[in-house]
Amino acid sequence: MPRWLAIHLPRWSVERVRQRLVARAARRAVAIGGVDVGAPEPAPGDVAILLVETVAERLLVARCCAVASGHGVRVGMTVAGARALLGATPTHVEAHDPALERAALDALGRALWRFTPRVAARAPDGLLLDVAGCERLFGGERPLLEAAVGHVRALGFDARAALAGTASAARAVARFGPEPLAAVASGAERAALEHLPLEALDLEPRTLGALHELELTTLGQCLALSRAQVATRFGEPLLAALDRALGERPEAIECLRYAPPPSVERELEGATDDLETLLTCVRQLLDELAARLAEADVGALALLVELFPTDAPPAREWVALSAPSRDPAHLMTLIEPQLERVRLGFGVDRLRATAPRTAPLRPRQGAGFGLGADLTAGFDRALGELLDAYAGRFGPRRAYLVEAVESHLPERAFRPRPVPLGGAPPRLARASLGAGERPSSVLFRPEPAEVRTDPESGALLALRWRAEEHAILRALGPERLATTWWTALEPVELEERRAPTRTDYTSLDAPTPPPRKPRVEPSRDYWRVQDAAGRWLWIFRCGARWFVHGEWA
Amino acid sequence: MKPQRAALESLTRRVRVLERGSERPERPPLATGWAGVDGLLGGGLARGVVHEWLGLDGPRVAAGGGAVGGGAFRAAGGRTGAAAWTPPLFLLAHLARRALAEADASAGGGADGAARWILWIGRRVWPYPRTLTRGGGLVECAGALAGGAHGLGGATPLEGARCALELDDVARSGSGGGVDRAVLDRSLFVDPPDRKGLLWAVDAALRCPTVAAVVADGSNLPLPASRRLQLAAEAGSGLCLLARPANELRQLSAAATRWHVRRGGPSPEDGPPLDSEAGELSTDPADRPRWDLELLRCRAGLARVARAPTADGMPTEGGAAAAGAAAGR
Numbered sequence: 002m003p004r005w006l007a008i009h010l011p012r013w014s015v016e017r018v019r020q021r022l023v024a025r026a027a028r029r030a031v032a033i034g035g036v037d038v039g040a041p042e043p044a045p046g047d048v049a050i051l052l053v054e055t056v057a058e059r060l061l062v063a064r065c066c067a068v069a070s071g072h073g074v075r076v077g078m079t080v081a082g083a084r085a086l087l088g089a090t091p092t093h094v095e096a097h098d099p100a101l102e103r104a105a106l107d108a109l110g111r112a113l114w115r116f117t118p119r120v121a122a123r124a125p126d127g128l129l130l131d132v133a134g135c136e137r138l139f140g141g142e143r144p145l146l147e148a149a150v151g152h153v154r155a156l157g158f159d160a161r162a163a164l165a166g167t168a169s170a171a172r173a174v175a176r177f178g179p180e181p182l183a184a185v186a187s188g189a190e191r192a193a194l195e196h197l198p199l200e201a202l203d204l205e206p207r208t209l210g211a212l213h214e215l216e217l218t219t220l221g222q223c224l225a226l227s228r229a230q231v232a233t234r235f236g237e238p239l240l241a242a243l244d245r246a247l248g249e250r251p252e253a254i255e256c257l258r259y260a261p262p263p264s265v266e267r268e269l270e271g272a273t274d275d276l277e278t279l280l281t282c283v284r285q286l287l288d289e290l291a292a293r294l295a296e297a298d299v300g301a302l303a304l305l306v307e308l309f310p311t312d313a314p315p316a317r318e319w320v321a322l323s324a325p326s327r328d329p330a331h332l333m334t335l336i337e338p339q340l341e342r343v344r345l346g347f348g349v350d351r352l353r354a355t356a357p358r359t360a361p362l363r364p365r366q367g368a369g370f371g372l373g374a375d376l377t378a379g380f381d382r383a384l385g386e387l388l389d390a391y392a393g394r395f396g397p398r399r400a401y402l403v404e405a406v407e408s409h410l411p412e413r414a415f416r417p418r419p420v421p422l423g424g425a426p427p428r429l430a431r432a433s434l435g436a437g438e439r440p441s442s443v444l445f446r447p448e449p450a451e452v453r454t455d456p457e458s459g460a461l462l463a464l465r466w467r468a469e470e471h472a473i474l475r476a477l478g479p480e481r482l483a484t485t486w487w488t489a490l491e492p493v494e495l496e497e498r499r500a501p502t503r504t505d506y507t508s509l510d511a512p513t514p515p516p517r518k519p520r521v522e523p524s525r526d527y528w529r530v531q532d533a534a535g536r537w538l539w540i541f542r543c544g545a546r547w548f549v550h551g552e553w554a
Numbered sequence: 017m018k019p020q021r022a023a024l025e026s027l028t029r030r031v032r033v034l035e036r037g038s039e040r041p042e043r044p045p046l047a048t049g050w051a052g053v054d055g056l057l058g059g060g061l062a063r064g065v066v067h068e069w070l071g072l073d074g075p076r077v078a079a080g081g082g083a084v085g086g087g088a089f090r091a092a093g094g095r096t097g098a099a100a101w102t103p104p105l106f107l108l109a110h111l112a113r114r115a116l117a118e119a120d121a122s123a124g125g126g127a128d129g130a131a132r133w134i135l136w137i138g139r140r141v142w143p144y145p146r147t148l149t150r151g152g153g154l155v156e157c158a159g160a161l162a163g164g165a166h167g168l169g170g171a172t173p174l175e176g177a178r179c180a181l182e183l184d185d186v187a188r189s190g191s192g193g194g195v196d197r198a199v200l201d202r203s204l205f206v207d208p209p210d211r212k213g214l215l216w217a218v219d220a221a222l223r224c225p226t227v228a229a230v231v232a233d234g235s236n237l238p239l240p241a242s243r244r245l246q247l248a249a250e251a252g253s254g255l256c257l258l259a260r261p262a263n264e265l266r267q268l269s270a271a272a273t274r275w276h277v278r279r280g281g282p283s284p285e286d287g288p289p290l291d292s293e294a295g296e297l298s299t300d301p302a303d304r305p306r307w308d309l310e311l312l313r314c315r316a317g318l319a320r321v322a323r324a325p326t327a328d329g330m331p332t333e334g335g336a337a338a339a340g341a342a343a344g345r
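Chains as they are written, first to last, in the numbering used here: chain Y, 2 to 554; chain E, 17 to 345.
Hints in this document: simulated from the structure, not taken from any laboratory. Ideal placement from N, C-alpha and C gives every residue a C-beta, glycine not left out. Mixed in with the good hints there might be a few duds.
Sample of chain E residues facing chain Y (criterion: CB under 8 Å; computed from the structure) [unchecked claim]:
(1) P104
(2) T147
(3) T149
(4) T226
Taking the hints into account, I'd like the entire structure generated from these sequences.
Rendered as structure tokens:
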């Protein structure tokens, strides 16, 4: 006897956006660490969210949240009108992306596989679970209903649910029923549908319009009409919908499919702890895995190799790739350094290779001669393999791209960004670089020095740095880098030995977090000085102290 | 004699191509932009070989007070990370920029349209990124190429040849303001944790076809490792530049060319500084940083001999003899 659980998410689109705003605000709060930055940010719960779509070159509101509808905003209004109604309320406006929502709904459905293997998503905001027989695991239908809804609510989404003998009836009751959680006995659908409005069944707008013209408002009135009348006046679809709701016609529901990742396993006859043998076995497994991937026309984006020793817990070595690949030699170079470090115990008797993440990979021609390199978002295949090899051997954060950030302090004007594992190269900030000569070697933490000046003319005579005396022959300057009035966030400690959070590219010390005390630094006056040996140094005076900042190498 | 020698050279080249296989075409040498150097090396820095740049000073003890340069000075403790020395970063950036420009120009007509990259391996050789966006590079000073030990009648010998370079005057050189992000956008900075990792990283990078240039920290490089790097460079097609501290002059190395870079000292005829903003280079040439380049060693067969006819009209073999002497080193 079929039993269907329908879950309705009334504000699915808007709640996803709100969760994202909450997460972003939380991350920002952690990053700032409580320092007051201008006006306080509005609490994410008070922000009105509008999702807009473009219809005939006009921006209309597609979805709005409870805060917005409290102010009078309705779906179908223009965005300008909505903003006028909202007035001074903080608003977040975003484009409505149905494809993304559909994908997210599928993901939520997959999270509900814990209740039943057959889950279907009903766009735009409904889920159907086939729970015939599953209630035994949860101790009854009511506990199953509460567990499912509780799980969705724990993920942060408001939900209503209903259990019934047919999927349409369950969906109708979940959306328009009086209670948020309802269980309808099989065969009692007719009574449950009696008082629901006509929108409860997914009918076409034309049929709905025709029914409204006849002043039919509830499904009970529809069901009271004779079948012949319904067929002639409104056609077959209405009759089919009513029959499906009552269980007299079968429903075809396509469920989310579970595709296990390609995986190859091998059992050895005897346990062995010889590394060479195991590496040969892994190579053979990777050859088979590559064949499997080739059948499905996909490449692996992640590779998982598991070794099962007889007496120790299994060893799992995982590596991610920047571009999909099914080249067994390349995969072997990535995983080999990690396998060499595995504890084998008394011996390994089972091995398994899986590709947990895959992506479509089109076959290439002429790979033997280096032709046909495909450009994947900036890194081509050969460079991507090189970076994967680096990541496999050194770890994930050893190769960097440098981006220019908006900072007038020379030691902070560039920031290294690690090349991410298994992804496209990051989008880098491109701040303007500014004029002015800069040296080729800049110390992140300027080193203190002493400068002797001529008391009358103020010219620089000699420099004492790193316990060496340099006579200054030429001094060009000064170039002033003034303090920013928003420096509260960028203190640079010139005296104490505390390194900043961001990894710098010249110092070899390990970084530790800086103190969060805002300070206003005096301006720096930079000079380019040449000493008697021909060395050009970049020094500056900050207040009364002198520092050496760089060198023209 | 002349046509026979030309025929021999072309035959040598064909044999080399046959031995290596016909996949990689012979890449022309990279023009450095310094007329003296290019003329000396017959077109520029050769591809598929390792070029070593020793400079600017030897390692110093980090706790101050040590002598710099020369001899067998080693940092306290012998740890590779503790020694502080400055490589010739402007020079390496200039060569890397030229390698990238040339690779982009030639790749446009090649079979693959992949972007070329420059790899900077080893924290020591990471330049300040503004250096990479600087439009100009290094130019030769007004002084011409000075020969080393003379004696072989008219031909300029290779070993000991010197060249003086100075930083380009970007603001007035007409290269359009001088900000060019191409090199910075295509630079990858790699930081291997130890020496073995660094050698492996350089080896892997040299074999990658889309790498236009590899600039690496080659300090404390034993001879077998430098031979391996030379083989890796031959397998690839990029430019390989190794920076080493100046005190490793006496160490054996399998690099094809070895250069010694020193800071150009202030010359006595430099006048007092003119009034100028420190932010721009002034027009006074004495205000620009200078470097002295000396070619220590050039492997036989790499350089074309600079020929100058002697009095009786026969070409001399001066350069070839010097190159032959180098082969024995």
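* So which hints don't hold here, by number, going up? -> none
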